Structures are given as C-alpha cells and as structure tokens.
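Read off the chains here:
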Amino acid sequence: MADLTTEFLGIKSPNPFWLASAPPTDKEYNVRRAFEAGWGGVVWKTLGSEGPPVVNVNGPRYGAIWGADRRLLGLNNIELITDRPLQTNLEEITRVKKDYPDRAVIVSIMVPCEEQAWKDILPQVEATGADGIELNFGCPHGMAERGMGSAVGQVPEYIQMVTEWCKKYYSKPVIVKLTPNITDIRNPARAANAGNADAVSLINTINSITSVDLDSMAPEPTIGGKGTHGGYCGPAVKPIALNMVAEIARDPQTRGLPISAIGGVTTWRDAAEFMALGAGNVQVCTAAMTYGFNVVKEMISGLSNWMDEKGYTSTQDFIGMAVPNVTDWQYLDLNYVTKAKISQDDCIKCGRCFAACEDTSHQAIAMSEDRVFTVKDDECVACNLCVNVCPVENCITMVEVPAGQIDERTGEVVSGDYANWTTHPNNPSATAAE
Amino acid sequence: MATSHQASGIQAARLDAAGIAENFSDLHPAYDAHEAAVAADRCYFCYDAPCMTACPTSIDIPQFIREIQAGHAESAAKTILEQNILGGMCARVCPTETLCEEACVRETAEGKPVEIGRLQRYATDTLMEKGEHPFKRAASTGKKVAVVGAGPAGLAAAHRLAMLGHDVVVYDAKSKAGGLNEFGIAAYKSTNDFAAREVDWLLQIGGITMDYGKKLGGELSLDGLTSAYDAVFLSIGLAGVNALRAPGEDKDGVRDAVEFIAELRQAEDLTALPVGRNVVVIGGGMTAVDAAVQSKLLGAENVTIAYRRSREDMGASRFEQDLAASKGVKLMFNVMPKAVFGNGAAAEIELEYTQVADGKVAGTGETERLAADQVFKAIGQTLEGQPGALELEGRKIKVSDTGRTSMAGVWAGGDCASGGEDLTVTAVAEGRDAAMDIHSSLMG
Chain A
492 MADLTTEFLG IKSPNPFWLA SAPPTDKEYN VRRAFEAGWG GVVWKTLGSE
542 GPPVVNVNGP RYGAIWGADR RLLGLNNIEL ITDRPLQTNL EEITRVKKDY
592 PDRAVIVSIM VPCEEQAWKD ILPQVEATGA DGIELNFGCP HGMAERGMGS
642 AVGQVPEYIQ MVTEWCKKYY SKPVIVKLTP NITDIRNPAR AANAGNADAV
692 SLINTINSIT SVDLDSMAPE PTIGGKGTHG GYCGPAVKPI ALNMVAEIAR
742 DPQTRGLPIS AIGGVTTWRD AAEFMALGAG NVQVCTAAMT YGFNVVKEMI
792 SGLSNWMDEK GYTSTQDFIG MAVPNVTDWQ YLDLNYVTKA KISQDDCIKC
842 GRCFAACEDT SHQAIAMSED RVFTVKDDEC VACNLCVNVC PVENCITMVE
892 VPAGQIDERT GEVVSGDYAN WTTHPNNPSA TAAE
Chain B
308 MATSHQASGI QAARLDAAGI AENFSDLHPA YDAHEAAVAA DRCYFCYDAP
358 CMTACPTSID IPQFIREIQA GHAESAAKTI LEQNILGGMC ARVCPTETLC
408 EEACVRETAE GKPVEIGRLQ RYATDTLMEK GEHPFKRAAS TGKKVAVVGA
458 GPAGLAAAHR LAMLGHDVVV YDAKSKAGGL NEFGIAAYKS TNDFAAREVD
508 WLLQIGGITM DYGKKLGGEL SLDGLTSAYD AVFLSIGLAG VNALRAPGED
558 KDGVRDAVEF IAELRQAEDL TALPVGRNVV VIGGGMTAVD AAVQSKLLGA
608 ENVTIAYRRS REDMGASRFE QDLAASKGVK LMFNVMPKAV FGNGAAAEIE
658 LEYTQVADGK VAGTGETERL AADQVFKAIG QTLEGQPGAL ELEGRKIKVS
708 DTGRTSMAGV WAGGDCASGG EDLTVTAVAE GRDAAMDIHS SLMG
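Residue numbers (the working numbering), protein chains in the order written: chain A, 492 to 925; chain B, 308 to 751.
Keep in mind that the hints were calculated from the coordinates and are not lab data.
Keep in mind it's a predicted model, so treat the numbers as computed, not measured.
Ideal Cβ placement from N, Cα and C applies to all residues, glycine included.
The reader is advised that the hints may include incorrect statements.
Stated by the list, open to error - Going by beta-carbon spacing under 10 Å, a handful of chain A positions derived as facing chain B:
| id | residue |
| --- | --- |
| 1 | 501 |
| 2 | 839 |
| 3 | 842 |
| 4 | 844 |
| 5 | 862 |
| 6 | 883 |
Given these sequences and hints, build the entire structure.
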C-alpha cells in the first residue's frame, strides 16, 4: 500500500485529505471524531475577533440541488464563522493539537481589515501550537457585508496587505483562501504571492441561490419568508475549482506557489485530479457533511490503490503532472481527428445519443428500424456529446483517425503534423509558418 | 376454527379470516411517494422508447415517468389515460414482464427494468384518489352508438365516443360492468373493489347510459341495434368455454375455471367460498394460473397445473409461472387429462404424458393418477354463437385494424374480435381505435 504521507508547507500529515474550514471542524468533539476516522488534517472553522461572537440565523442554513436518486450534487449555506467564544476555540485547538501531534491543525481566521485586529489575534493562535493559519478571504455572505471575507478577497491590494501583516505577526505558514467570486482568479493569487503567502487554498464557496419556493415565492433556504444568496459547494462546483487551481498552477507569476485545493472532492479520484493539476493536498467539506467522516476511508484506499497501480510511492510523484498539458485553446492541435464509435455489445439501445446528436448536434448518428445506432463518420465532428449522454460508461468512445487516413467528413487526409489556430489560414492574424 | 388443509372434498373455511386477508392482499402494493421517486429516477427517457412501442396502447411512458420525476403525478396520469382510459387497471394486471418492462433498456442493461407498471399505478391512483376526471365531453354530435359488452374494450370505446360528443348506451348481460376486470383476473391484482371504482370514475365523463341484463342473441339483436343506433360496437368477449372431452367431465367437482374465478371475485366473504383439498387445473394460460393460485390461497392442500405442452409454450408468462410456484402450486408440463374418476364426485384424475410431433400433441401412453376432488378447466374460451351474419376469422369475429366487421355500421373489439392478444390492455386499444374510426365514419 502506497505511503500517503504528505508534507505541505513543511506540515506533515498521514494523508493529503484535510477537512476544510466549515461546520465539521467547528469544535473539539467533531475534530476528534474526524481524526479517529482517519482525516489527515483539519482547518478549524474560522475564528473571529475577541468579543461577543457572531450570531447565526435560527431558520434553515442550507439549500441543495440533487441528481437522480436524490444524490446531493450541490449544497449552499448561509452559516457564518464560528459563533462560539474565541477563548473556547483556542483552548480546544490547543488540546486537540497536543493529542494529535501527527495531524495537521490549521486555524482559519477572519478579523476586520485593520492591522491591530490581526496583531491581537495572531499571538493567541500561535500559542495554541497549531501548524499554520488560513486567511478566510472567501466567505461570500454575512461577513462580506461587514468588510470581511470575500469583500477582502475581491480586492487584491487588501489581500496583499493583510497577508503581509500575518507574515509579520505570525511565524508559521500562512495560507490565503481565495474566493471564486471574481473574474480572474490569477489576480488575487498573485496578490497573495506578493504578500509572501506560503500557499493559497481555493475555492471558497460560490454566490448562489439553490432554488425558489414557489408557494412562498422566496429563495431557499427561506427564513421567515425571505432568503439570501449563500455559498455554493459540493460536486457541482468541482469543474470550476479545477480550472481555477490549474490557472494558478500554470500562471508564470504564481507557478510553484503551493496550493491546497478545495471544491467538491468526494472520492479519491477527485483528489488525485486536483493534485495532478498542482495541488499539494485537498480539503473536503460537502462529502463529509453528506456522508459523515468515514468517507475518508475510501479516499485513502482509492488513492493508495491507484498509486500502487501507477507505481507512485509518494504523493509528490504525481503532483502537478497534468499542469503542462493545460494550455490555451489556440494551441490545441487542429490536426487531431477523432470519431465517435458505439460498441454494439455494450449498447442498451436507449437512443439518447441519437436524440442528442439529431436534435442538438450534427445529425451524425443513424438509427435503424431495429434500434441499432451507428456513427456516420462523414458527419461526425467528434463533439463528444453522445459519449456524455450515454448511460453506459465506455459504450461510446472517441477513436483517433490516424495520420494518413481520410477524414470522411472533410474528405481530406489526416495530417500527422501539429497545427493550431495561430497558423490556420482562416485566422486573420495568423503568422505564416516559415 | 378453520377447516384444515387436509379435510377431504370441497370445503369452505380452510383458512380463517386473517389468513384469507393476508393471502389476498395486494400482489404489488402501491408505491408511496418516496418509492415512486426512486423508481422514476431510473428511467433514461429513451428516444422512441422501446417500452412505448411494446405497449399495446402506446402510452408515452418516458413522458409520464418524467412527469412523476418532476413532481406532478396528475399530469403523468393524464398522459397515461389519454392513451388508455383503463390505465389504472392495466397498471395492476398487465403482464408488464412481457410488454413494456421486457423492452425496458434497463432490463437489457441490468436485468432489472424500470417498474413501469407500479409507476403507472402510482400516477393513476394519485389522480383517482382526488376523484378528478381529467377529460371533458365535446359538444353533443346528436349521434347514438350502442356498445354491447361492458368489459375493457366496451368501456374504452364508450368513453372515447362519449368524450367526442356521441351519446352512448352500453349493454351488458350481467348486472354489473367491468367484464373480466370485474369477473375475471385474480383478486390479489384488483383489491378494494378497484374494477368497480374505476368504472364509476370512467363514467364521470357523462353521456354514457348503462343498461344491464341485456344479451346479444337474447334481449338484443344485431338488426335491432343497427336500426336503432348510428353505429354498433361489439365487445361481447368469449362467453363459451371449451370442453375437456375426457370421460368423467360431468362429475361433481369438475367445473370451468372462469366460473370459479368470477364467483371468487364476487364473494363477500372468501372464508365461505369452498375449495377442494386436491385441486387440479387443466390449462396453461393466465386463467389457469389465477385459478390455481387462488385455490392455494383459499387453503387447498395440493394444487397442480397440468398443461399439455412445454413450459415455453405456456400462455402464462414466466413471472406468472414463478408466482404460482412460489405459492406452492405444482406445475406439470406435457400432460393431458385422460379421465376423471370418482363415485359421483371427482376423486382422481388420470393424466397422460404427451409429446409434440409435427406441431400436434399426442399421448405417449404413460399415465399418472393424481388425487383430485376439484378439477378446473382452463383450456380456453370461445365466442358464443355467431352474431348476425358477421364473418369470422378462426373462431372470432373478423375485424380490420380499426375494428370494422364485415357488416357496415358494426365494429368489434376485445377478446371476441380477431387479432391481438387477449389482454385487458389490447382490448382497451381495440376499443379506443374502433371508437376513433366510428367517430370519423359518423362525422365524415
């Protein structure tokens, strides 16, 4: 079994699966249960300044969307940072870290955008013995209106400024948690980097309304007939998070900046994908909130099986391996030609590929009277929609047309040479190949 | 104290009331909302769906399941009932395992189809429990149509005709509507008097007058009907029963399975319904299975189905065969009745083993005797008489695709007419299609 021990910013944990700052890490009781279940680390739910704690709503805090069989695909919340006294949290963090020295304990913090506020809290956090801090610049509801959370994360200058304060008043690693509620994730990441952050973590939750109650005519979750936007997370946000992680990993200005990836990690495979795109570890919340802490066991067994199969002995072996393969559209090889192929042995004859192609794509699938579905190579543009709508995995595959063969759609011989849009004759700004 | 299984002869009260209630409870209990949601989620919304093609009434199954998924079972019910006004009964009695569910792509994929029948029942029950009738009558056309026979074909035709604005009179020889839905079919498939409730619900369309106790060839004549009405639809079923043609057939305890089932369906108290200790059912169709299983459920000790051909040839589906076996009915194949013995009342039956040569069943000479104080004949029903001068095909009234008989102005459908399997759902399709043809012929 592969060794999953992961070192992130010099912080060792037995595996790369950390619980994200969220309700599962709000108190000692939960965190101890999480560590007993096998989690490699936790980011303790965000602490605020000394004084009367924030208050939460007393109606529903979560909304959701579901897939078939009511599988939870996306969750949104309007919960705020911890509503327990600062001292209580600090005492509990101290106890837990002492009892679990081999696990990562990171403390999430959100205090007002004033140097004094950070100067006050950081020594207290340092005294707990926790391994590092995470700056919550992402929370999109409740706190943002008070000038914290995503209100900071949306202004790169603030990110840099606060990061610098933290580096000044705290000796251990500083992780900056980024909000996805911006247009270009690279700018806040560059700001964190400029402020000397040790790492960034992303994504925080996405502004969202999950549904509308059509009887009360109010958004869900509804509190006393009103609702507000909340932070969206869970499997549905994973593609957005993957892209943002990749953008930071391949940006020349932030390349090499350690990343802790967050966003819909549900199984080992999700974690491996984030790590292949450059994340040093992953943080999980929705999967634990949906299924309980024991989900980490599958993540551990799945990741180590896969690493054994691939011959990886350490997570370092594959971190970032997919980053060089993320490119811009204009560099994609236009001479790479594939055609969809339907396995008649696997086909269950539902006809969804036909409906999708005939109604919404390129009319490239033929249907016989006895429901045999075949691809018309002379019409197929290889869009992949049939693959995506087929209920049987691997029944439809995309098969490459090798160089030298004719693409029946264009009637032209497939070239073995790489050629992209930058040199294409249809591109007005193409530069002719010399 | 209930009579024991072992009491000889044909006896009532072999089981107590609790035992009877348990045995005759719903074969496929209704889904609750959660079960329906989980089952509906399995539908793939196939293109030109095979299930829909396999349905004799062509219900848009993917559409109605999607409506259940999306939380409006009432629309789902309307989708069903537009094609099949007896969708509630069909959901209970259709051999879905050989129709829509056999064709379901998830049967191909996983050997476990979407449970279309139970979803259909969920939708139609939801609507009917609200007491709503989702269709409205068109303005009166002033045309009058007679429907003879208030079974599935007749009711489907009557409803469609009434909806289109015609005035319909439905005659039936019995004192109650429903046909085989009411008098045939196993009781555990139509619990809580569903057949009668469905008829009441169907009649809410208006424009249909029921006239009971009138029989073609008795109070009614085809000539009389054709002169009094603008069109006539015959759905008279198969009232005749084939004979065993074996010595001893006349002994006490030998009777037609359809008669036994009708008696059972109409019984107020099943503990009062007598059944044999050793029951032998001759035949291989649904009627044979219904008679055998219900005999067992009434408390018969030994029940045997004796069928003269192989298991594969049996008219009852594999599901029905397995149901019978699970209730403890013994299935014998390739045996035919040779004689019934007994002093006045049946006591034993002699069966002869058969083989099939050139498609014909012939005895091998090897015989076996079974104890049999009750013998049910379920070897098929026949058309009783030949109404008017109607041309026959085989032993049924010859009809076109839209139910036209050889006589102008007379249509026929259901079991009495040629073509299609003798199923409730087929009868509904035939009644509906004939109604549409009658309508276009009257309005053309």
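Going down the list of hints, with the structure as the test:
At about 47 Å, the closest approach between the beta carbon of residue 501 of chain A and any beta carbon in chain B exceeds 10 Å, and the interface hint on this residue is violated. Interface hint status for residue 839 of chain A: upheld, as the beta-carbon distance to the closest one in chain B is roughly 4 Å, under 10 Å. The beta carbon of residue 842 of chain A is positioned within 10 Å of a beta carbon in chain B (closest approach about 3 Å), and the interface hint is therefore held. Annotation: residue 844 of chain A was flagged as interfacial toward chain B, and the flag holds, the nearest CB pair being 9 Å apart, inside 10 Å.
With its C-beta approaching chain B no nearer than about 7 Å, residue 862 of chain A sits inside the 10 Å limit, and its interface hint holds. The beta carbon of residue 883 of chain A comes within 7 Å of a beta carbon in chain B, closer than 10 Å, and the hint placing it at the interface holds.
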